[in-house]
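Student: Could you slot chain B onto chain A? The hints should help.
Sequences listed follow chains A and B, in order.
Counting from 6, one number per residue, gives the positions in the first sequence under my numbering.
Counting from 2, one number per residue, gives the positions in the second sequence under my numbering.
No lab work stands behind these hints, which were simulated from the structure alone.
It is possible that part of the hints are untrue.
[Said to hold, decoys possible] Residues from chain B that keep clear of chain A, each with C-beta distances beyond 12 angstroms, as calculated:
(1) I13
(2) A18
(3) N19
(4) R23
(5) N25
(6) S27
(7) G42
(8) L44
(9) G58
(10) T67
(11) E68
(12) Y70
(13) L99
(14) G102
(15) T108
(16) N110
[Claimed, not checked] Listed below are several chain B residues computed to face chain A (Cβ distance under 8 angstroms; list not exhaustive):
(17) Q43
(18) N46
(19) Y49
(20) S83
(21) F87
(22) K98
(23) F101
(24) K103
(25) G104
As the structure is a prediction and not an experimental result, all values here were calculated from the model.
Glycine included, C-beta positions come from ideal geometry on N, C-alpha and C.
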Amino acid sequence: NAGVTQTPKFRVLKTGQSMTLLCAQDMNHEYMYWYRQDPGMGLRLIHYSVGEGTTAKGEVPDGYNVSRLKKQNFLLGLESAAPSQTSVYFCASSQAPGNYGYTFGSGTRLTVV
Amino acid sequence: GIQVEQSPPDLILQEGANSTLRCNFSDSVNNLQWFHQNPWGQLINLFYIPSGTKQNGRLSATTVATERYSLLYISSSQTTDSGVYFCAASLQGGSEKLVFGKGTKLTVNP
Numbered sequence: 006n007a008g009v010t011q012t013p014k015f016r017v018l019k020t021g022q023s024m025t026l027l028c029a030q031d032m033n034h035e036y037m038y039w040y041r042q043d044p045g046m047g048l049r050l051i052h053y054s055v056g057e058g059t060t061a062k063g064e065v066p067d068g069y070n071v072s073r074l075k076k077q078n079f080l081l082g083l084e085s086a087a088p089s090q091t092s093v094y095f096c097a098s099s100q101a102p103g104n105y106g107y108t109f110g111s112g113t114r115l116t117v118v
Numbered sequence: 002g003i004q005v006e007q008s009p010p011d012l013i014l015q016e017g018a019n020s021t022l023r024c025n026f027s028d029s030v031n032n033l034q035w036f037h038q039n040p041w042g043q044l045i046n047l048f049y050i051p052s053g054t055k056q057n058g059r060l061s062a063t064t065v066a067t068e069r070y071s072l073l074y075i076s077s078s079q080t081t082d083s084g085v086y087f088c089a090a091s092l093q094g095g096s097e098k099l100v101f102g103k104g105t106k107l108t109v110n111p
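Chain A with its partners taken away, still in its complex shape (with noise of 0.2 angstroms):
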């Protein structure tokens, strides 16, 4: 059972470039997050998914875009890499609301230069 898995692990993007991050999720959970952490900060929603073919805003949503085209992925995408989205991003996902923790990857390193 793998969980949540978040591709790549690491990426170093120049600024302007655009990449997407990939999480996958096998436990069939309708809800899907992407967090970014930054230091001292905590952990920051960007978006989110409350089931297939639906996203919505986090707390953080600027110049990033997700999509859930499949119940088990959930892609967050950077159109215009900046400096300031050098952060290390987490996927998690749960099951529906209710008395269900969250289960987390284990994050994806990005640095903008």
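Tutor: Chain B only, in chain A's frame:
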């Protein structure tokens, strides 16, 4: 939105000591979770505890929802307990958008 505050920000212990980490939140919540981030960055869910008390081995957690706080207890600490402990909560009547505190960094020395 909801505010989540954790204390202390840093904690250094000798192996075998006990500790209590605190999480205060600003509104009524329907979801309160504790996570441990190990030194390699992996986030592990410790407890889902919007109210009441739960125990898992040397760790236990208590949430007093009416007073808007939660406590994480670590007994007989081990070096493997080192890392950052996060509390996260979401608003009652809202969606499942967890808001994280800034964490408590725990260092357990041998």
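Student: Holds or violated: is the Cβ of R23/B farther than 12 angstroms from all Cβ atoms of chain A?
Tutor: holds, 15 angstroms
Student: Go through the hint on K103/B and say holds or violated, using the shortest Cβ distance to chain A against 8 angstroms.
Tutor: Hint holds; K103/B Cβ to chain A Cβ min 4 angstroms, cut 8 angstroms.
Student: Taking 12 angstroms as the cut and beta carbons as the points, is L99/B off the interface with chain A?
Tutor: violated, 7 angstroms
Student: Using Cβ atoms and 12 angstroms as the threshold, tell me whether I13/B really stays out of contact range of chain A.
Tutor: holds, 18 angstroms
Student: Quick one: work out the minimum CB distance from T67/B to chain A and report holds if it exceeds 12 angstroms, violated otherwise.
Tutor: Holds: least Cβ distance 19 angstroms, greater than 12 angstroms.
Student: Verify that the Cβ of N25/B lies farther than 12 angstroms from every Cβ atom of chain A, and report whether the claim holds or is violated.
Tutor: holds, 14 angstroms
Student: Can we keep the S83/B interface hint, with Cβ of chain A closer than 8 angstroms?
Tutor: violated, 17 angstroms
Student: Beyond 12 angstroms from every Cβ of chain A: is that where the Cβ of G102/B lies?
Tutor: violated, 6 angstroms
Student: S27/B: least C-beta distance to chain A exceeds 12 angstroms?
Tutor: Answer for S27/B: holds, closest chain A Cβ roughly 15 angstroms.
Student: Taking 12 angstroms as the cut and beta carbons as the points, is N110/B off the interface with chain A?
Tutor: holds, 23 angstroms
Student: With a cut-off of 8 angstroms on the beta carbons, see whether Q43/B makes it to chain A.
Tutor: holds, 6 angstroms
Student: May I ask you to test the interface hint for F101/B with respect to chain A, counting a Cβ-Cβ separation under 8 angstroms as satisfied?
Tutor: holds, 4 angstroms
Hint violations for this structure: numbers 7, 8, 13, 14 and 20, all remaining hints satisfied.
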